[in-house]
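Engineer: Read top to bottom, the protein sequences are chains A and B.
Take the first sequence: its position 298, counted from the start at 1, is 300 in the numbering used here, and no numbers get skipped.
Take the second sequence: its position 611, counted from the start at 1, is 613 in the numbering used here, and no numbers get skipped.
Don't read these hints as lab results, they were simulated from the structure.
All values reported here derive from a predicted model rather than from experimental measurement.
Take the hints with a grain of salt, since some may be wrong.
The list makes no distinction among identical chains, and a pair is therefore deemed to hold if it is satisfied within one copy or across any two copies.
What the hints assert, rightly or not - Here are the simulated DSSO-like cross-link-like pairs (lysine-lysine), alpha carbons at most 27 angstroms apart as the crow flies:
| no. | residue 1 | residue 2 |
| --- | --- | --- |
| 1 | 359 | 450 |
| 2 | 395 | 643 |
| 3 | 211 | 359 |
| 4 | 539 | 228 |
| 5 | 277 | 671 |
| 6 | 395 | 359 |
| 7 | 445 | 544 |
| 8 | 193 | 228 |
| 9 | 211 | 241 |
| 10 | 241 | 228 |
Protein chains: 2
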Amino acid sequence: MSIYLHDIPLSQAQSRLREALQDADLWRVLGSESIPLDESALGRVTAEPIWAEISSPHYHASAMDGFAVRAEETNGAQPSSPVTLSLVTRHLPQAQYVDTGDPLPEWANAVIPIENVESLDEHGKISSAVRGPSSIRIRAAVTPWSHVRPLGEDIVATQLVLPAGHTLRPADLGAIAASGHQTIRVARKPKVAILPTGTELVPIGSKLKAGDILEYNSLVIAAQIKSMGGEPTRYPITKDDFDSICETVLQAAQTHDLVLLNAGSSAGAEDFSSKVVEKLGQLLVHGVAVRPGHPVILGVIARSALVLGDEAIPSLLEIASGTNIPRNDGVPIIGVPGYPVSAALTVDIFVESLIAKWLGRRPHELPIEMATLTRKLVSPAGDDDYVRVAVGKVGGKLLAAPLSRGAGVITSLVQADGLALIPSGVQGMEAGEQVKVHLYRSKAEIEKTIFCIGSHDLTLDLMAQFLAEHNRRLASANVGSQGGLVALRRGEAHMAGSHLLDPQDGSYNISYIRQYMPNIPVKVIALVGRDQGLIVKQGNPKGVKSLGDLAGTSQERSVQFVNRQRGAGTRVLLDYHLNLMTIPSESIAGYSQEEYTHLGVATAVASGRADCGLGIAAAAQALDLDFIPLFQERYDLVIPKQHADDNLLAPLFDLLADSRFREAVSQLKGYDVSVMGTVILED
Amino acid sequence: MSIYLHDIPLSQAQSRLREALQDADLWRVLGSESIPLDESALGRVTAEPIWAEISSPHYHASAMDGFAVRAEETNGAQPSSPVTLSLVTRHLPQAQYVDTGDPLPEWANAVIPIENVESLDEHGKISSAVRGPSSIRIRAAVTPWSHVRPLGEDIVATQLVLPAGHTLRPADLGAIAASGHQTIRVARKPKVAILPTGTELVPIGSKLKAGDILEYNSLVIAAQIKSMGGEPTRYPITKDDFDSICETVLQAAQTHDLVLLNAGSSAGAEDFSSKVVEKLGQLLVHGVAVRPGHPVILGVIARSALVLGDEAIPSLLEIASGTNIPRNDGVPIIGVPGYPVSAALTVDIFVESLIAKWLGRRPHELPIEMATLTRKLVSPAGDDDYVRVAVGKVGGKLLAAPLSRGAGVITSLVQADGLALIPSGVQGMEAGEQVKVHLYRSKAEIEKTIFCIGSHDLTLDLMAQFLAEHNRRLASANVGSQGGLVALRRGEAHMAGSHLLDPQDGSYNISYIRQYMPNIPVKVIALVGRDQGLIVKQGNPKGVKSLGDLAGTSQERSVQFVNRQRGAGTRVLLDYHLNLMTIPSESIAGYSQEEYTHLGVATAVASGRADCGLGIAAAAQALDLDFIPLFQERYDLVIPKQHADDNLLAPLFDLLADSRFREAVSQLKGYDVSVMGTVILED
């Protein structure tokens, strides 16, 4: 049975896999093992209910340091008429000293704490010795079983201590020990084989040439499997060769419960995964309407194939033609897409619930909150679309700011505070709409996040590092200076970095703030003065010295420029100076080629996509490029008063006065820290 | 300097420890180590910021399978006027096939996906071969850099990939690999020595005699340390001997960053911890106003003491007299109280933040929610009082039901969904008040919790086990049948187990429901019929056969009874029959001795505290006691209509019709499952 790449809805894909595993008797706890009761049991899942073997305490225990007594004999004791109890009698004593935890004597049924007792010596005089007295005097009666931990107070033999399917926490181990066990029966860890395939793949640490792709998906997946409670095995890279892949898959299937075949799951010429699954078993699904993800393969292969060697061919053909795989012979296989974000999300979506089932535990669920989307998102109507978002709480409102949607951008997963789900059937969402977010971080962490949006500066990376030491997280999104002010007006950030030059008077930011954020009281603080200039290749091969060198008719143009996006402070600066110099923007080759960050501009130059761009010195330094300083500009932090007075931002203000931070910034090339912390405006 | 047991506020205790560690230069990341970049790095904490060594991708890569082109040469292509691009030319090709991930040829600046291309053979005819064609025809132009992943799209060399102090997750490992690293510098794991002390302690698995205490605190603490990211060492038990404890402490201090001395932290005769700390260093705190906890000891000892051997005595005396411990020589020591709940909470309160500091990560913080307290709590005004609570959401309201407050009851930690904090200064709280709860469980888990309150039955333990398989958690609190109905009236539970006999007509529950829950529509479903009878010691040594055998004047009484609490269905049943038999309750010895559960009654009999009690057969069986059946009664589930129709309870109703569940219940002695699922009442 062949099913070609054809996206089916996520829920349908999941239920096809579940049904196939039910048929193969694999939709259950895989097995159990007995392990010693020590701290290595932490995080394991109980395979059967744990019933108490013994009671705890297993005897009536004194709960205090004091004297064991018969409660009846204390009756009538009052402040004004004490009762004396003898510690030494011919028959039974009336009182006996006990430490906390000591067994209550058979004849006693209560304990009087030592601090409520007067010790008397043999002459009936008050004695200071605790162990030496011959009698005690009390001035209050006690009720039976006072200050006694009765047998079974904590655990009664035979009671249920923990159910099956419970993930063990520290206190659980104590309760299991207290109930008389020395070992625990836990679900065995599912074994997962991770097979990276691809001729272009090279191992981590290789010296790279163009076209080489670092193989780190298996590392991420292995870590995912481990955190789910499975036992991962990373296989070496297999080249794109049908037979080699078949062989490795079958070999892995012998000793694993699940095979993850990474990449080759699409429908290209070198994409063998679906054919491998078809050859070795049943292809259940090829293509799922989930984004990122799409070319996901789900199947079940027959473990017996390898054991039978060449003789297996007829039986394999039978299987491939749709015959069911015999019970106890099936191994599920998942073709995981190659882009790192797709790979990680595919494992989260399909493998987590499978391992949960195999361990008998509840699936991990991320907490879900509704958040306000900060910008419009377009999404294909047919897909369940998972968008990585930064999440922050600004003025009591939870915000979700979409990050890069590229399936190859692993840093978008690193930076993500959560996943916003745009369900299939919805074609996109507008800024300001409420979106469901699966949160990676706790609410407490999010409430300690300073949301900074606007122009990017390298100083913000340093600031993030320093703020982390003071229990604050800085999440920054780069949308340019004007974008930042607009975000502040919408109440979508705590502060914005801005370096907007007013062409009228050469001042920075204030006129823009009044225009973009009317009636919003703000505090504006200078962060740094910084050089802006031309970023050029090492040695400046085109000999660019000023903006004038960029201009020319299309015939003359030899210098390819790369610009910043509209609204960026650097773009405003460029236009200001072009205007002063009466250079028309059309005369600059590449004026319309836009990058969103300083590093983006530097990268374009470094890679040869452009000869030069306008940017900051630090970006040039970062990529070993040359820098021709042209202007100095001021970079400010714009903070609505409402947030400036908030405790959340207090560590930020401390930082601006911290000499360690100042020193660290001044190490960066092209920065002037003398203005740092100067209040430019305070409404 | 000696400070005797004298409770100081928690915040003051924490700051004394912090200041002492600052003085000893120990309030910082302890050190770092380089580890290989593999899945074992998961959960480690970065010791320094990670900057990108290389860009990712490190070349311009095709983002699709398709043809690399120069965007300029596609201009003008339209559906009606296609453009043809040659794959074979004398100079540069106009198009070249590329797989996803292939480097873009130097001359190209865009990719056209294969599905948007018509392949032509050498005669200009459409060809089906992908690799064979000599030219391609396109019917739409592309813009520069379409379907290209530009160099640095994910990571730009030199950019900050991760800050220091970051706990590594799976995707982080991928980003670190992608940015060119093979190893990571992480904070070294703080080494924590756990020293159980106490002559009465015996290891897990020992055969127990009265007075023996199973030593499992070190297991719980080791698991706590491990989950905090530390490296625990469990020492063997040390007897209560001052010199032995000193020796073990000093030995542990040589190779550990923190010493936890378990028990002996109070002020009793055998409590040596404070004296050990005074002898070996500085006692900072003895007693903290936190409950449970109280006798907590905080100190810093000098590591050099042992190294110097006997010669150390003068220097030790110096230290003991208040001289500061030299830098690099101090080791913090915490005297942890002996009761298991106090021990676990002390470690959470004092050690978590210390290990967080030593690793450079943010302290773990439990999410906090406000919840409605289901019953009154009394609390000493001076203490920060942490009360273990079960948490459930009933009718949209988050509820906190206090569990056992005994510091010895480890199962209260196992069952707890959170800790309610009654801050110092507050003397207690009334039922219905809002209390701050630190949650152990996620909101999702709590929203899947069925809150059952009322009379206890062993069937509920089995039900919990079955419901767990259907993604529901059953939290049950035992307050007796009437207590359950009152809780339902207050909206504090989803259902109540009840077996209240109406003495007027012999019916069960309905008249009580009308009385306690007027105007609340309910559904009442029979769960089981069960035997109630007398629980007696094996062999029934007192020869009890009926309730009549319990009665007598105080001279005649030889049978000691144990009763259930007022409001319990079993108590009502007893009173009903005593009334029928005209036996006055005063004639029964032990009538006023109350237990809250069937197992509590059985335990009282098993331990000899009573000769008999009225209860269910299963409780007698559980403790190997004899059972004399007297009556059969019906045990119902009472469910307000509002919850009966809720999806949360659907699996419960399925369960009542599940033959596996029925079978499991009928295995318990004294149960009749024929009534299970019968609807007794539906408003």
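Engineer: Next step is simple, just say for each hint if it's right about the structure.
Structural biologist: Here is how each hint holds up against the structure:
1. 359 x 450: Between copies only: 18 angstroms across chains, 35 angstroms inside a chain, cut-off 27 angstroms.
2. 395 x 643: within (16 angstroms within a copy, 38 angstroms between copies)
3. 211 x 359: For residue 211 and residue 359, neither the intra-copy (43 angstroms) nor the inter-copy (42 angstroms) Cα distance is at most 27 angstroms.
4. 539 x 228: neither (45 angstroms within a copy, 51 angstroms between copies)
5. 277 x 671: neither (55 angstroms within a copy, 58 angstroms between copies)
6. 395 x 359: So residue 395 and residue 359 pass the 27 angstroms test across copies only (26 angstroms; inside, 35 angstroms).
7. 445 x 544: Neither: 52 angstroms inside a copy, 61 angstroms across copies.
8. 193 x 228: both (10 angstroms within a copy, 24 angstroms between copies)
9. 211 x 241: within (17 angstroms within a copy, 65 angstroms between copies)
10. 241 x 228: within (26 angstroms within a copy, 40 angstroms between copies)
Figure legend: structure checked against the earlier numbered hints; hints not met, in rising order: 3, 4, 5 and 7.
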